[in-house]
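Asks: Here is what each chain is made of, one letter per residue.
2 protein chains.
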Amino acid sequence: MAGGQRRRPGETREKLMTAALTLVGKGRHFASIGIREVTRQAGVVPTSFYRHFRSVDDLGLQLVDELGLVLRRMMREARENVLQADKLIEESVGIFVAHALANRNFFMFMAQGLAGESRAVQEGIRSEMRFFASELANDLRRLKLLEHLSDSDLDMTCDLVVRTVAFSLTDILSISPEDDYQIEQVRKRTTRFLQLILIGAGHWQSD
Amino acid sequence: MAGGQRRRPGETREKLMTAALTLVGKGRHFASIGIREVTRQAGVVPTSFYRHFRSVDDLGLQLVDELGLVLRRMMREARENVLQADKLIEESVGIFVAHALANRNFFMFMAQGLAGESRAVQEGIRSEMRFFASELANDLRRLKLLEHLSDSDLDMTCDLVVRTVAFSLTDILSISPEDDYQIEQVRKRTTRFLQLILIGAGHWQSD
DNA sequence: ACATCTAGTGAACAACTGTACACATTGAAA
DNA sequence: TTTCAATGTGTACAGTTGTTCACTAGATGT
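Protein chains in written order, with this note's numbering: chain A, 70 to 276; chain B, 70 to 276.
No wet-lab data here; the hints were simulated from the structure.
Do not take every clue at face value.
[Claimed, not checked] The following label-pair restraints were derived from C-beta to C-beta distances: (1) Arg109/A x Arg210/B: 16 to 22 Å; (2) Ile244/B x Asp220/A: 21 to 27 Å; (3) Glu149/B x Arg210/A: 41 to 47 Å.
[Stated by the list, open to error] Heads up, simulated EDC-like pairs for lysine to aspartate or glutamate below, C-alpha to C-alpha not over 16 Å straight-line: (4) Lys257/B x Asp222/A; (5) Lys257/A x Asp224/B; (6) Lys257/B x Asp240/B; (7) Lys257/B x Asp224/A; (8) Lys257/A x Asp222/B; (9) Lys95/B x Glu106/B; (10) Lys84/B x Glu135/B; (11) Lys257/B x Glu159/B; (12) Lys213/B x Asp224/B; (13) Lys213/A x Asp224/A; (14) Lys156/B x Asp208/B; (15) Lys84/A x Glu106/A.
[To be verified] To list a few chain A residues with every Cβ distance to chain B over 12 Å, as calculated: (16) Thr108; (17) Val113; (18) Val114; (19) Ser117; (20) Phe122; (21) Glu135; (22) Asn150; (23) Asp155; (24) Glu159; (25) Glu160; (26) Gly163; (27) Ser237; (28) Asp248; (29) Glu253; (30) Arg258.
Virtual Cβ for every residue (Gly too), placed ideally from N, Cα, C.
The whole structure should be built from the sequences, with the hints applied where relevant.
Replies: Here it is in structure tokens:
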């Protein structure tokens with residue numbers, strides 16, 4: 070009974086990536102996941118793995134690429150829904166929290182990868198964050214906000230904002246997704262963090 | 070030739086913990102380290118492990134306790150050297166960076182543990198950070214800084230400061246310890262982050 | 001129609017893993 | 001001095017791991 074029946078192209082590849090994310094979502098750390106474990110979770114024979122990835126690290130790298138897409142979707146939604154400047158922070162944080170809950174496994178992978186084992190994955194996630202920060206700087210310029218800041222100071226501010234939000238990720242992911250109260254607490258606190266930062270940016274270099 | 074010659078009590082225990090940290094320092098992620106690997110690195114037979122720890126997670130928990138000591142040492146040094154308020158941020162960040170470099174492996178373990186596999190280790194590190202933040206709040210009160218802030222707002226600010234510094238950790242640890250230039254860059258950027266935050270705190274609720 | 005390529009299968013293997021057990025040595029308590 | 005708990009060692013074993021190999025069903029290009 071050997072031999073594979075052809076399905077949709079790339080189907081197994083997707084199954085393997087989803088399987089890895091599922092394991093991460095179950096609490097496993099990506100660095101401790103092995104090939105056999107992923108294929109078992111995906112319902113595929115171990116050998117199949119090598120048809121799509123050279124190693125688990127390779128799979129991780131491709132997950133980072135998909136993570137980039139998730140982040141871009143989130144960014145787009147934020148831009149569509151946050152038109153005027155007031156309530157900007159609250160709405161953005163809300164969208165972020167919603168996406169973090171909806172793509173829990175992806176964001177868990179991201180949080181793990183920041184201090185992960187694979188240097189390449191680490192750098193990939195870092196790079197996504199830099200991109201995110203620079204897009205944020207563009208948006209603020211477009212909205213005519215913080216106009217008194219130099220480019221470099223604006224970049225610094227956006228970097229800090231992104232880091233703060235990323236750290237909140239670990240808060241969100243460490244609590245049960247059904248615990249609405251605690252989620253709400255994190256949402257409020259993150260909002261206050263960002264407000265504090267933007268107030269600081271508003272007075273930066275002007276005193 | 071079986072049988073153990075008694076050495077200093079707790080010597081093997083220390084050797085095992087140091088071995089785990091060494092592996093982490095070499096780039097391995099704590100979640101992917103096994104018992105045999107630790108004992109091999111420590112130059113000890115695998116069975117010895119069980120004399121001191123129930124599992125690798127257990128070892129992790131005890132590492133968190135030691136991490137607490139490292140953090141307290143750092144805090145004490147900061148309090149001794151930072152007497153007056155001006156230059157407070159720069160000196161504190163300097164001390165932090167120095168300690169991060171001197172105890173690289175410990176801080177790597179910390180950065181990993183924040184999004185690690187063991188819930189207990191995660192919570193332990195989080196708890197250390199909370200403690201650190203509350204001590205920082207005490208110090209600021211003692212120095213008569215940010216006196217216009219309510220207790221809860223001061224806590225929030227200190228939380229944000231600690232998070233920001235913790236995130237800088239991943240920056241420091243991702244660059245080679247000999248790359249003085251890049252270390253200096255991180256030091257400067259972290260300082261600016263904290264200055265921005267404290268400016269924000271200074272104007273919080275007052276406009 | 002035919003050859004080729006892609007993506008699947010199962011069996012095999014050596015290396016490594018966690019853990020259990022019986023035993024040895026020692027410092028301190030009795 | 002005898003006893004004993006603590007801490008070390010060596011051997012053993014069953015289960016898991018990553019990876020190679022030979023094989024095949026179906027899609028694709030000519």
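Asks: The structure should be examined with respect to each hint, and the outcome stated for every one.
Replies: Hints and how they fare:
1. Range check, Arg109/A to Arg210/B: about 55 Å between beta-carbon atoms, so the 16 to 22 Å window is missed.
2. The given range of 21 to 27 Å is respected by Ile244/B and Asp220/A, whose C-beta atoms sit roughly 24 Å from each other.
3. A hinted range of 41 to 47 Å for the beta carbons of Glu149/B and Arg210/A is consistent with their spacing of about 44 Å.
4. Restraint check for Lys257/B and Asp222/A: satisfied, since their Cα atoms lie roughly 13 Å apart, inside the 16 Å limit.
5. A C-alpha spacing of about 14 Å is found between Lys257/A and Asp224/B, which places the hinted pair at or below 16 Å, so the restraint holds.
6. The hinted pair formed by Lys257/B and Asp240/B meets the criterion: a straight-line CA distance of about 12 Å does not exceed 16 Å.
7. Simply put, Lys257/B and Asp224/A have alpha-carbon atoms about 14 Å apart, close enough for the 16 Å limit, and the pair holds.
8. Distance restraint check for Lys257/A and Asp222/B: the Cα-Cα separation of roughly 13 Å lies within the 16 Å cut-off, and the hinted pair is therefore satisfied.
9. For the hint pairing Lys95/B with Glu106/B, the CA-to-CA distance comes to about 13 Å; that is within 16 Å, so the pair holds.
10. Our distance criterion of 16 Å between C-alpha atoms is met by Lys84/B and Glu135/B, whose separation comes to about 14 Å.
11. Taking the CA atoms of Lys257/B and Glu159/B, the gap is near 8 Å; set against the 16 Å cutoff, the hint holds.
12. With a CA separation close to 15 Å, the supplied pair Lys213/B and Asp224/B stays within the 16 Å bound.
13. Our distance criterion of 16 Å between C-alpha atoms is met by Lys213/A and Asp224/A, whose separation comes to about 15 Å.
14. The straight-line distance between the Cα atoms of Lys156/B and Asp208/B is roughly 15 Å, inside the 16 Å bound, and the hint therefore holds.
15. With a CA separation close to 13 Å, the supplied pair Lys84/A and Glu106/A stays within the 16 Å bound.
16. For Thr108/A, the condition that its CB be more than 12 Å from all CB atoms of chain B holds, with the nearest at approximately 18 Å.
17. With a closest Cβ-Cβ approach of about 22 Å to chain B, Val113/A is found to remain outside the 12 Å limit, as its non-interface label requires.
18. The Cβ of Val114/A lies farther than 12 Å from every Cβ of chain B, with a closest approach of about 24 Å, so its non-interface assignment holds.
19. Distance to chain B confirms Ser117/A as a non-interface residue, since its nearest Cβ pair spans about 23 Å, more than 12 Å.
20. Every C-beta of chain B lies more than 12 Å from that of Phe122/A, the closest at about 18 Å, which supports listing it as non-interface.
21. Separation of Glu135/A from chain B is adequate, the least Cβ-Cβ distance of about 19 Å exceeding the 12 Å criterion.
22. At roughly 25 Å from the closest C-beta of chain B, the C-beta of Asn150/A stays outside 12 Å, upholding its exclusion from the interface.
23. Residue-level check passed: Asp155/A sits 15 Å from the nearest beta carbon of chain B, beyond 12 Å.
24. Consistency note on Glu159/A: stated as away from chain B, and its beta-carbon is indeed over 12 Å from all of that chain's, at 16 Å minimum.
25. The beta carbon of Glu160/A is kept farther than 12 Å from every beta carbon of chain B, the shortest such distance being approximately 20 Å.
26. The beta carbon of Gly163/A sits about 19 Å from the closest Cβ of chain B, which is more than 12 Å, so the claim that it is off the interface holds.
27. Not every CB of chain B lies more than 12 Å from the CB of Ser237/A, the least distance being 9 Å, so the non-interface label is violated.
28. Its beta-carbon lying about 15 Å from the closest one in chain B, Asp248/A satisfies the requirement of being farther than 12 Å from that chain.
29. A cut-off of 12 Å between C-beta atoms confirms that Glu253/A is not in contact with chain B; the least separation is 16 Å.
30. A cut-off of 12 Å between C-beta atoms contradicts the statement that Arg258/A is not in contact with chain B; the least separation is 7 Å.
Hints 1, 27, 30, counting from the list given before, are not met by this structure.
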